[in-house]
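Visitor: For this one, chain A is given, so just place chain B on it according to the hints.
Protein sequence lines correspond, in order, to chains A and B.
Numbering of the first sequence is given in my numbering, commencing with residue 1 and proceeding in unit increments.
Numbering of the second sequence is given in my numbering, commencing with residue 329 and proceeding in unit increments.
These aren't lab readings, by the way, just hints derived from the structure by calculation.
Given the structure is predicted, the values throughout are model-derived calculations rather than measurements.
It is possible that some hints are incorrect.
Claimed, not checked - Per label pair, the in silico range of CB-to-CB distance:
no.: 1; chain 1: A; residue 1: 144; chain 2: B; residue 2: 352; range: 50 to 60 Å
no.: 2; chain 1: B; residue 1: 529; chain 2: A; residue 2: 57; range: 30 to 40 Å
no.: 3; chain 1: B; residue 1: 520; chain 2: A; residue 2: 118; range: 20 to 30 Å
Claimed, not checked - Listed below are the simulated SDA-like cross-link pairs for lysine to any residue, each with C-alpha atoms no more than 20 Å apart in a straight line:
no.: 4; chain 1: A; residue 1: 286; chain 2: B; residue 2: 330
no.: 5; chain 1: B; residue 1: 421; chain 2: A; residue 2: 188
no.: 6; chain 1: B; residue 1: 421; chain 2: A; residue 2: 299
no.: 7; chain 1: B; residue 1: 421; chain 2: A; residue 2: 180
no.: 8; chain 1: A; residue 1: 205; chain 2: B; residue 2: 613
no.: 9; chain 1: A; residue 1: 169; chain 2: B; residue 2: 620
no.: 10; chain 1: A; residue 1: 286; chain 2: B; residue 2: 613
no.: 11; chain 1: B; residue 1: 421; chain 2: A; residue 2: 195
no.: 12; chain 1: B; residue 1: 421; chain 2: A; residue 2: 182
no.: 13; chain 1: A; residue 1: 286; chain 2: B; residue 2: 421
no.: 14; chain 1: A; residue 1: 286; chain 2: B; residue 2: 510
no.: 15; chain 1: B; residue 1: 421; chain 2: A; residue 2: 197
no.: 16; chain 1: A; residue 1: 286; chain 2: B; residue 2: 617
no.: 17; chain 1: B; residue 1: 421; chain 2: A; residue 2: 189
no.: 18; chain 1: A; residue 1: 286; chain 2: B; residue 2: 620
no.: 19; chain 1: B; residue 1: 330; chain 2: A; residue 2: 180
no.: 20; chain 1: A; residue 1: 169; chain 2: B; residue 2: 619
To be verified - Covered stretches of chain B, going by a simulated chain A footprint (3 or more residues, C-beta under 8 Å):
no.: 21; segment: 461 to 467
no.: 22; segment: 614 to 627
By construction, the Cβ of each residue, glycine as well, lies at the ideal position given by its N, Cα and C atoms.
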Amino acid sequence: MKAIVHTIYGSPDVLELKEVEKPTPTDNEVLIRVKAVSVNLSDWEGLLGKPLYARLSGLFSPGQTILGSDVAGVVEAVGSHVQRFKQGDEVFGDLVMFGGGFAEYVCAPEKILALKPASLTFEEAAAFPQGAVIALQGIRDKGQVQPGQKILINGAGGGAGTFAVQLAKMYGAEVTGVDNARKLDMLRSLGADHVIDYAQVDFTKNGQRYDFILDLVAHRSVFAYKRALNANGNCFMVGGSMATMLQVLLLGSRIGKAEGKKIGLLVVRSSPNDLLFMTGLYEARKIIPVIDRSFSLSEVPEALRYLGEGHAKGKIIITVEQNDNKSR
Amino acid sequence: MKAVVWTKYGPADGLQLREVAVPNPRENEVLIQVHAATVSRADTEFRGLKVPLLFLIPLRLYLGFIKPIRITILGTEFAGEIVSAGKDVTRFKPGDQVFGYTGLSMGTYAEYLCLPEKPAALAGVLAEKPVNMTYEEAAAVPFSGLEALHSLRKANIQSGQKVLIVGAGGSIGTSAVQLARHYGAEVTAVDHTGKLEMLQSIGADHVIDYTREDFTKNSQTYDIIFDTIGKSSFSGSLRSLKENGTYLNANPGLLGGIRMRWASKRSGKKIIPWTAGYSTQNLLALKELIEARAIKAVIDRRYPLEQIAEAHRYVDTGQKRGNVVITVEHNDKG
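Chain A on its own, in the form it takes in the complex (with noise of 0.2 Å):
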């Protein structure tokens, strides 16, 4: 099968397509014919081997060589211990901790897949796990949203934050979306009630004060988002420099205690309920995948760096297409 791989950590230009040998389900495993893929800001760092939590798989290179794991597919096969999906079932999921999604075929265990809801096309679905799962868990689980709160996203634009935005004004704030200033008009459209041009200004500097604060490109010191806190007010990372992430975690609970502001990471977990609970929302036509465009599995590096440059309005999508159904 045709796959995009990597075998050092780099820059796009490392990726190969390259042609390597089929997946073989192991019992509790699934093999998924990809459809469709999309793109997450931790296949750019697991490309980069950046920040070093990127390095996870593999500490000088990389044990993941086939990145991707936004999947939506067909069921190929089935392991002899699976029950819940069998041959020609669509499904989707996230396989951010096993990756292999950049290919025709990957297999993932059965527990982190759903069955894809038929109203949807595969490369809505592969818009859908890790971002939706992300804005879910930050917005309703830890941010707890309530009517009325004033509510930053930093990194509002991507792939998660376009999800967060739509929840957080689902669940009645006042939503303040930060990104670049392309991407500004697309968040009004959203429905987010102020943008800021990260370029222009520093969110943390302007003298606003939020409740919640959903960061998904966290950079700053934990100082600067103590600042833009209300109190009781809590902050939010997910993803970041490797700096501010090991700051969090030796200070983010104590620094602002005294005025009730807590600072954490986010550690998100794959969970196909909260996913169907997400393309629910989108069947019922209260949140909608903010698609920006496709590429083909050769373009994959293209797709990577139009991501890493920070062009993509939402998502990315791959869109796989297996030689049984190409013309010729």
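Guide: Same frame as chain A, now just chain B:
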């Protein structure tokens, strides 16, 4: 820029990949970087100039008498990104993602095209791309979606009505089936065997395989019969129409059109030979319907720009299910 140039009226081998100049937008125009286009049945009919007799002379005058001269790039549907805008343009700016239909000005088989911001006489129309679609999906809906939307609105479609769609597995057909379902109608889709499963998957309540069954002879009657390809028997269709029913034909041909006008004068049934509806307002309505999940793009195959002749040959076979999409790669990017 790369473009597929239409060098002669006739078979698909007259479509040739060439290097041509990037067009310059006029003051009221935008320059669009095309990311996806489609090959429709209309494109293949234009290619060989297989059009109704009435249009043959005016079209040759418009396109070029012996071979295409004034219009040399085919293709009417596109999705892409605005690169630059003339000074009178107010609705769009560089970076905006758009989709649309270029009408008779054609020109989507290319890396770039220019289009007036507001629909012109030749019916080009563009609007912001639906946010939940890729470029490939968005390119597959403007023409068929506008046709289906405008036609079903003209027929004043109501919830609970029985609607029959002929050529349901084609481009207009797949949009019409989904829209009719969205309006709450009970939909019967007519097409050949290989397309029926797909039609059920997009919501058709009943399917009829025309190779086995003639819908005009099964004693069922309908509130609306929508022939998207001009293949149904006209008198038979009228018999299958309820009193006060509506017959629509998106492709009646010259004689068919005259006959329909004549028949509509003499019967209580409403007969609509052909509709257009290529307005910005309708395209925006279509975008909203897509975002509200009423219409999905049905994509059969994708071909790169370089293989467009092959895509034409495939559409020529009449086997396409829904849409055939052309993806346009840009090497200067990323």
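Visitor: Hint by hint, which ones does this structure get wrong, listed from lowest number up?
Guide: Numbers 4, 6, 8, 13, 19 - these are the hints that the structure violates, sorted from lowest upward.
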